[in-house]
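Generate coordinates for the entire structure from the input sequences, incorporating the hints supplied.
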Amino acid sequence: MAKESDFYQVYEVFSRRGNKAPMQHQFSLLAPNKEMAMLMAQENFMRREEVIDVWVVRQSDIRKMTSEERQGLTNRLDNKEYRTTKGYGYLRQKWKEKEQGMLDEKEIMSWREVKRK
Amino acid sequence: MSKIVETAEIARQDPSYYQALRELLFQLADDDFIISFRGSEWLGLAPHIEEDVAYSSITQNTMGHAVMYYNLLEELGEGDANFLAHDRGASDRRNGAYLEKRNGEGKYLEEPYFDWALAVVRNYFYESFKKVKLEAISTSSYKPLANVAKKVLMEHPYHFAHWKLWIKQLQTSSEEAKKRIQNRIEEAWEEFLDVLELGNYGNEMVQHQLIAIDEETIKGNWLEEVKTVLVAMPEGPLGKKYGSGRNGEHTSDLDQALGTLAEVFQSDKTAIW
Amino acid sequence: MYNYVEDGDSKTSAYMEQDQEKYEAFMTRIEAGEKIEADDWMPADYRQALIKLISMHGISEIMGALPEKEWVPKAPTLKRKLGIMAKVQDEMGHGQLLLRVAEDLMKPYGKTREDLMEDLLNGDLKFHNVFHMPTKTWADAGMVGWLVDGAAIISQTNMLDASYGPYQRALQRICQEEVFHAQHGESIIMALAEGNDYQREILQESLNRWWPALLMFFGPSSAETTGSSKQDIMINYKIRKSTNEELRQAFLSKYLPRVFSLGLTVPDETVRYDEKEEKWIYKQPDWEEFKQIIRNKGPRSKERLRVREIAYENNRWVRQALATDPVSV
Chain P
1 MAKESDFYQV YEVFSRRGNK APMQHQFSLL APNKEMAMLM AQENFMRREE VIDVWVVRQS
61 DIRKMTSEER QGLTNRLDNK EYRTTKGYGY LRQKWKEKEQ GMLDEKEIMS WREVKRK
Chain F
118 MSKIVETAEI ARQDPSYYQA LRELLFQLAD DDFIISFRGS EWLGLAPHIE EDVAYSSITQ
178 NTMGHAVMYY NLLEELGEGD ANFLAHDRGA SDRRNGAYLE KRNGEGKYLE EPYFDWALAV
238 VRNYFYESFK KVKLEAISTS SYKPLANVAK KVLMEHPYHF AHWKLWIKQL QTSSEEAKKR
298 IQNRIEEAWE EFLDVLELGN YGNEMVQHQL IAIDEETIKG NWLEEVKTVL VAMPEGPLGK
358 KYGSGRNGEH TSDLDQALGT LAEVFQSDKT AIW
Chain C
391 MYNYVEDGDS KTSAYMEQDQ EKYEAFMTRI EAGEKIEADD WMPADYRQAL IKLISMHGIS
451 EIMGALPEKE WVPKAPTLKR KLGIMAKVQD EMGHGQLLLR VAEDLMKPYG KTREDLMEDL
511 LNGDLKFHNV FHMPTKTWAD AGMVGWLVDG AAIISQTNML DASYGPYQRA LQRICQEEVF
571 HAQHGESIIM ALAEGNDYQR EILQESLNRW WPALLMFFGP SSAETTGSSK QDIMINYKIR
631 KSTNEELRQA FLSKYLPRVF SLGLTVPDET VRYDEKEEKW IYKQPDWEEF KQIIRNKGPR
691 SKERLRVREI AYENNRWVRQ ALATDPVSV
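Residue numbers (this note's numbering), protein chains in the order written: chain P, 1 to 117; chain F, 118 to 390; chain C, 391 to 719.
Just so you know, the hints here were simulated from the structure itself, not pulled from any lab data. As the structure is a computational prediction, the values presented were derived from the model and not from experiment. For each residue, glycine too, the CB sits at the ideal point set by N, CA and C. One thing to keep in mind: the hints can contain errors.
Selected chain C positions facing chain F (in silico; Cβ < 10 Å) [unchecked claim]:
{"#": "1", "residue": "461"}
{"#": "2", "residue": "464"}
{"#": "3", "residue": "470"}
{"#": "4", "residue": "476"}
{"#": "5", "residue": "486"}
{"#": "6", "residue": "500"}
{"#": "7", "residue": "503"}
{"#": "8", "residue": "527"}
{"#": "9", "residue": "584"}
{"#": "10", "residue": "585"}
{"#": "11", "residue": "671"}
{"#": "12", "residue": "675"}
{"#": "13", "residue": "686"}
{"#": "14", "residue": "689"}
{"#": "15", "residue": "693"}
{"#": "16", "residue": "695"}
To be clear about the criterion: a stretch of chain P counts as covered by chain F if any three or more of its residues have a C-beta under 8 Å from a C-beta of chain F, and this derived list gives those stretches [to be verified]:
{"#": "17", "segment": "23-29"}
{"#": "18", "segment": "43-52"}
Spelled out as structure tokens, the structure:
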């Protein structure tokens, strides 16, 4: 029996939202070959957004910057994505009636700061 | 004769038309609903995590298709879509009997010895069939149905490609996988026929141009597709071992499915969930 | 529980001296709020703390899909069926993201996802206490979506600025999706809270059962309580910002007013907000029970692990089949 780590490879997934948009790195996944990686890519990382093109690249085929090379650069990924919460918008009014706020994106993302004792 | 029926109200005026339309819509709705129910049982149990996520999207899409058909039935006056999905007995269901088959041994909550070979063969056979049937109703005389079919067809290629790749890869891989897939193909050959059929009102469906082709043509087109993919075609004709789901003949597996999918719904039918 | 570092203490001191310069440069970067990447130099205890945290986080998402999944095929309406399916799918997706991050960290030790799965099944890799609990009614599906996820959101958002880049980026994705999860849970709860007597009854009963597990979610407030708290190292390396108790207090502050506004109660008559001390007073849960639960001795630990094991072993032939060269399509 083959060891799975010998043939499950890491694929990096990229996608493009529109003709003028750059290919954007989404994430990586494990797959046994590139056909299978392509099949998995869209639903794993872009199941809530329109894309017009998807690339999968075997991670070992990428010449990445070394740690040293990167130190000289500002390294920041643009990860601003929207999720569909439309179906639950009615909750805002319901909570308002109970004098409470709805847990929307602004509220939840503000929780990164917690009161210190 | 060529007529276009634009609304539910007009469809209701011709009893023969209405009856055939109603039957066709229940076939489409119940097929997608029961196979997506079986898909939902798989959630969390697929061979690897990435596949689990991908398969679930297909399942959600497919259930979404069922919802569109139930909504068309609701517009026709058949009742609330949720009741149509949750509150009809087995003999009222019009899905192909093979589609209700349990995912394997065990239950999704307990000892789930589900069989991926069954999932692959069933979904590939089903998506191949769905393409043929959808194309044939995309020009349906019932305009609201033709519109839904066109929408569903837009989402269908990924589903189809997904299962086609799985069956192709497994059919040409390890000896064990080949055997498991072939066994499920042979099994399906004896059980799949009623999926391809149109049931008691098939002739009326064709006469009223609700669907562009008859069941013999559906079967032929489907065979053309699977011939290109199956490494070894089973000998002998297709069968419908469990009778015709199109006419309300079903197995105890459907009772199990309905018991599960309607458990909470049935606990209080008046409640708003 | 942890066994990923077998090079032992003897090696560590020599290693530390040799790498003192690197260590100082690393800490400078941490202090400056820079992000550490997978192939950057990092001290062994940073790597180990991350592996432990993220593999447990990832595997908890995978195991956490199971209790909710019990209600996926049973959800009472078409909309609920679709909603909870998308939600549980997201949990599997979060597991995928996190395990990928953990796998990259484990690479220097020659460990893979296969090892993580085996560690889970043989009891070396723990999963979160809440996912050892039963889900008895549809209200539990709502309770998991609302309050269990709520607790998870509190602890995950606290690490949104984590010093480890890949984890921080995964959390960014995860927390964005959690907005949908929070509203999905609220929506189920709201329907039950505004529903009939039966619905309100199963809702209250569910909350009563989940309450101790929710308090336990954040772990004990100090190392003495269970003897294994790793909170200090996590804060020093800027992986998380707040202590267990601070997170629990934040959870109570965010959610208890909402719980009460729905006319629900919690099974602790001493719960109150102390204005003077500016904190919630509550009865401590049974931390001995907590220890038992995370040692896979919770009410549903065995069954959940069994389901995971069957799914893993029973499908091994599929993964193995893909080892051979597939046809081109």
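- Query: So which hints don't hold here, by number, going up?
  - Reply: Hints 6, 11, 12, 13, 14, 16 and 17 are the ones this structure does not satisfy, whereas the remaining hints hold.
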